[in-house]
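Working from the sequences, and respecting the hints, build out all of it.
Top line first, the protein sequences correspond to chains A and B.
Heads up: the first sequence is residues 1 to 419, going by the working numbering.
Heads up: the second sequence is residues 1 to 173, going by the working numbering.
Just so you know, these hints were derived from the structure itself, not from any lab.
For clarity, every value in this text was computed on a predicted model and none was experimentally measured.
Cβ coordinates follow ideal geometry from the N, Cα and C atoms, glycine included.
Please note that the accuracy of each hint is not assured.
Said to hold, decoys possible - Distance windows between CB atoms, simulated:
no., chain 1, residue 1, chain 2, residue 2, range
1, B, Phe164, A, Leu168, 55 to 65 Å
2, B, Ser54, A, Leu89, 48 to 58 Å
3, A, Ala356, B, Arg85, 33 to 43 Å
What the hints assert, rightly or not - Listed next, the stretches of chain A that the computed footprint assigns to chain B, with coverage defined by at least 3 CB atoms under 8 Å from CB atoms of chain B:
no., region
4, 9-17
5, 36-48
6, 71-78
7, 180-189
8, 319-329
Residues per chain are reported as follows:
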Amino acid sequence: MSDHEYIPKSKAAKWFNDRLPLLTLGAHLTDYPTPKNLNYWWTFGGILTFCLITQIVTGIVLAMHYVAHADLAFGSVEHIMRNVNYGWLIRYIHSNGASMFFLAVYIHIFRSLFYGSYKSPREIIWILGLMIYLLMMAAAFLGYVLPWGQMSFWGATVITNLFSAIPLVGESITTWLWGAYSVDNPTLNRFFSLHYLFPFLILGLVVLHIWALHIPGNNNPVGIDIKKPSKDTVPFHPYITIKDAFALLVFMIIFAGFVFFTPNVLGHSDNYIPANPLVTPAHIVPEWYLLPFYAILRSVPDKLGGVILMFSAIFILFVLPWLDTSKVRSAVFRPIYRQFFWILVVDVLMLGYVGAMPAEGVYLVLARVGTIYYFLHFIVVLPVVGLLEKTDPIPMSISEPVMTGGAEPSLARKLNEKV
Amino acid sequence: MSKEEKKVNRRDFLFTASYTIGAVGVGAVIWPMIDQMNPDKAQQALATTEVDISQVEPGKSITVLWRGKPIFVKRRTPGEIQEARSVNLDDLPDPQKDEERVKEGKDEWLVMLGVCTHLGCVPLKDKGDYNGWFCPCHGSHYDVSGRVRKGPAPTNMEIPKFEFLDNNTIKIG
Chain A
1 MSDHEYIPKS
11 KAAKWFNDRL
21 PLLTLGAHLT
31 DYPTPKNLNY
41 WWTFGGILTF
51 CLITQIVTGI
61 VLAMHYVAHA
71 DLAFGSVEHI
81 MRNVNYGWLI
91 RYIHSNGASM
101 FFLAVYIHIF
111 RSLFYGSYKS
121 PREIIWILGL
131 MIYLLMMAAA
141 FLGYVLPWGQ
151 MSFWGATVIT
161 NLFSAIPLVG
171 ESITTWLWGA
181 YSVDNPTLNR
191 FFSLHYLFPF
201 LILGLVVLHI
211 WALHIPGNNN
221 PVGIDIKKPS
231 KDTVPFHPYI
241 TIKDAFALLV
251 FMIIFAGFVF
261 FTPNVLGHSD
271 NYIPANPLVT
281 PAHIVPEWYL
291 LPFYAILRSV
301 PDKLGGVILM
311 FSAIFILFVL
321 PWLDTSKVRS
331 AVFRPIYRQF
341 FWILVVDVLM
351 LGYVGAMPAE
361 GVYLVLARVG
371 TIYYFLHFIV
381 VLPVVGLLEK
391 TDPIPMSISE
401 PVMTGGAEPS
411 LARKLNEKV
Chain B
1 MSKEEKKVNR
11 RDFLFTASYT
21 IGAVGVGAVI
31 WPMIDQMNPD
41 KAQQALATTE
51 VDISQVEPGK
61 SITVLWRGKP
71 IFVKRRTPGE
81 IQEARSVNLD
91 DLPDPQKDEE
101 RVKEGKDEWL
111 VMLGVCTHLG
121 CVPLKDKGDY
131 NGWFCPCHGS
141 HYDVSGRVRK
151 GPAPTNMEIP
161 KFEFLDNNTI
171 KIG
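Below, the structure written as C-alpha cells:
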C-alpha cells in the first residue's frame with residue numbers, strides 16, 4: 001500500500017516479518033501519507049476508536065457482575081452501583097460512553113456530508129460506516145434493556161413491536177424475537193448475549209472501514225484528489241497522531257464532565273423503577289440519539305407506514321453517493337449545497353427535539369414538516385442542486401491557496417501560465 | 001469432442017448434486033439454530049389462567065397477567081353496553097360489532113388483551129375521548145368496547161380465547 005518497501009533493520013525482525021508482515025503493516029500505518037490540511041472535524045475517527053474500546057473494556061467488566069435474569073437484573077445493576085468496587089464509575093462510563101459514542105458518530109457523519117467524503121471513490125467506506133452505525137444503534141438499544149427498569153422494558157416492547165407491523169409474518173417474528181408471548185426473561189437473556197456480540201462485529205467492520213479508507217486515502221477539506229506522497233501530504237505519525245491525541249483529550253474532558261458531574265442527565269429517571277409489565281410509563285421516549293427517527297415514526301398516522309418511513313430514513317443514506325450528482329466533493333466550493341447542508345442539520349436537530357415531546361398539536365405538525373423535508377433533501381435537493389449549481393473555482397492542489405494567501409485560488413495557475 | 005462433452009456433463013452433475021446436498025445440510029443445521037429462539041415449553045405451559053371475577057362491581061375492571069401480558073376484565077354497566085352498541089360501524093377504523101366482542105348472554109363482561117395494537121403499550125382505563133382507554137405512548141383512543149377510534153393503532157384491542165367455567169370464574173387461553 002505504501003509506495004516504498006519496508007525492510008526491518010534487525011535480522012530477527014526480518015525473519016519474523018517474512019513470515020507475518022506485521023512490521024510492514026506498522027510501517028504503513030506510521031508513514032501513511034495524510035493530507036496536510038485536515039482540520040479538527042477529521043479527528044473524530046480516532047475519537048470513535050477510543051469510544052469503541054472504552055465500551056468494550058467497561059462492558060466486559062460490567063458483565064462480570066451483572067446477572068441477565070428478569071428477577072435479578074435490576075438488583076444486580078444496583079449491586080454494581082453500590083457494592084462493587086468502583087462499579088458506579090465503570091457503569092457511568094459505560095452508560096455515558098454510549099451517548100459520547102453517538103455524539104462523535106453524528107459529528108463524523110455530518111463531516112462526511114459537508115466535505116463529500118461519501119463520494120467516489122469512497123462509497124464503500126461510507127457504506128461500511130453506515131453498517132457500523134446500524135450495529136451501534138442495535139447494540140445501544142439492546143444494552144438499554146439490560147438494567148430491566150421501566151424504560152428498558154417498555155422501550156424493548158415498543159421497538160420489538162415495530163416488527164409486528166410486517167404483514168402476515170409480523171406477529172410470528174415478534175414472538176420469535178421475544179422467545180415468549182411478551183418481553184420476558186428469555187428476551188432479556190438473548191439481548192444480553194447479542195449485546196455482548198455486537199461490539200465485536202463493529203470492531204470487525206471498523207477494520208474493514210479503515211482498510212477501505214487506506215486504499216484511496218483521506219478526503220480533505222478542499223475535497224480534491226492529491227498525489228501521495230507529495231508536498232500536499234504529511235506522514236500519519238507524528239503529525240496526525242498528535243492532533244488526534246489533542247482532540248481526544250478535549251473530548252475526554254467533556255466525557256468526564258458527564259460521568260462525574262451529571263451522570264444521569266442523558267438517561268431517564270423512570271429506568272430506576274423495576275420493570276412492570278402491567279403499567280406503561282406515562283411518557284416513554286428512547287435515548288436522545290434515536291429521537292429523530294422516533295419523530296419520523298410518530299409523524300405517520302399509520303403503523304406500517306410509520307415503520308417503513310423510519311427505516312427508510314436510515315436506508316436512504318446507503319444510496320446517498322448515487323443521489324448526489326455533483327462531482328465537486330467539498331461544500332466549501334458549493335455555495336448552494338452549503339446552505340441546504342445547514343438546513344438539514346437544523347431539520348435533524350428539530351426532529352430530535354419534537355421526538356422528545358408528546359406527539360400532538362404543534363409538535364406533530366413540526367414532525368411532519370421535518371420528516372418531509374428530510375426526504376426531500378435526499379431525493380430532490382441533492383440530485384437537482386448537483387446539476388444546477390455553479391460551483392466556485394477549485395484549487396489545483398492543497399498548497400495552492402496557501403501560497404497565494406487563499407484569496408484567489410486560481411491565481412497561482414494564472415501566474416504559472418505567465419511565467 | 002463428444003468425449004469431452006460427456007466429461008463436462010458428469011462434472012456438472014457432481015457440482016449440482018454436491019451443492020444440493022450441501023444446501024440441505026446447511027438448512028438442517030440452521031433451522032434448529034433459528035427455532036431455539038421461539039417460545040420454549042416452559043413458556044408454552046403458561047398458556048391458560050383461571051380468574052375469579054366475583055368481586056368485580058359493575059363499572060369496574062380488574063387487570064390480570066396472562067402470558068406476561070395484561071388482560072382487562074371489565075364489568076360494564078347497562079349504560080356502557082348501550083353506548084358501545086349505538087356506535088355507527090362506519091365510524092370505526094376496524095369495524096366490529098360490540099356483540100362480536102363479548103360472550104352471548106354475558107354482555108356485561110368485556111375480557112380483552114390490554115395491549116395497544118400499535119406498539120404494545122398498556123392503555124390507561126377511563127381515559128381518552130371515547131370513555132374507554134387511552135394509550136399514552138402514541139395517543140391511540142379506544143371506546144368502551146375496546147375498539148380503536150382514533151390514533152395510529154391499526155386494529156381493536158384483541159379478544160383472547162376464553163370461557164366461563166361458572167358464573168364467577170373465567171378461563172383465559
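**In rising order, the numbers of the hints this structure does not comply with** = Hints 1, 4, 5, 6, 8 not satisfied by this model.
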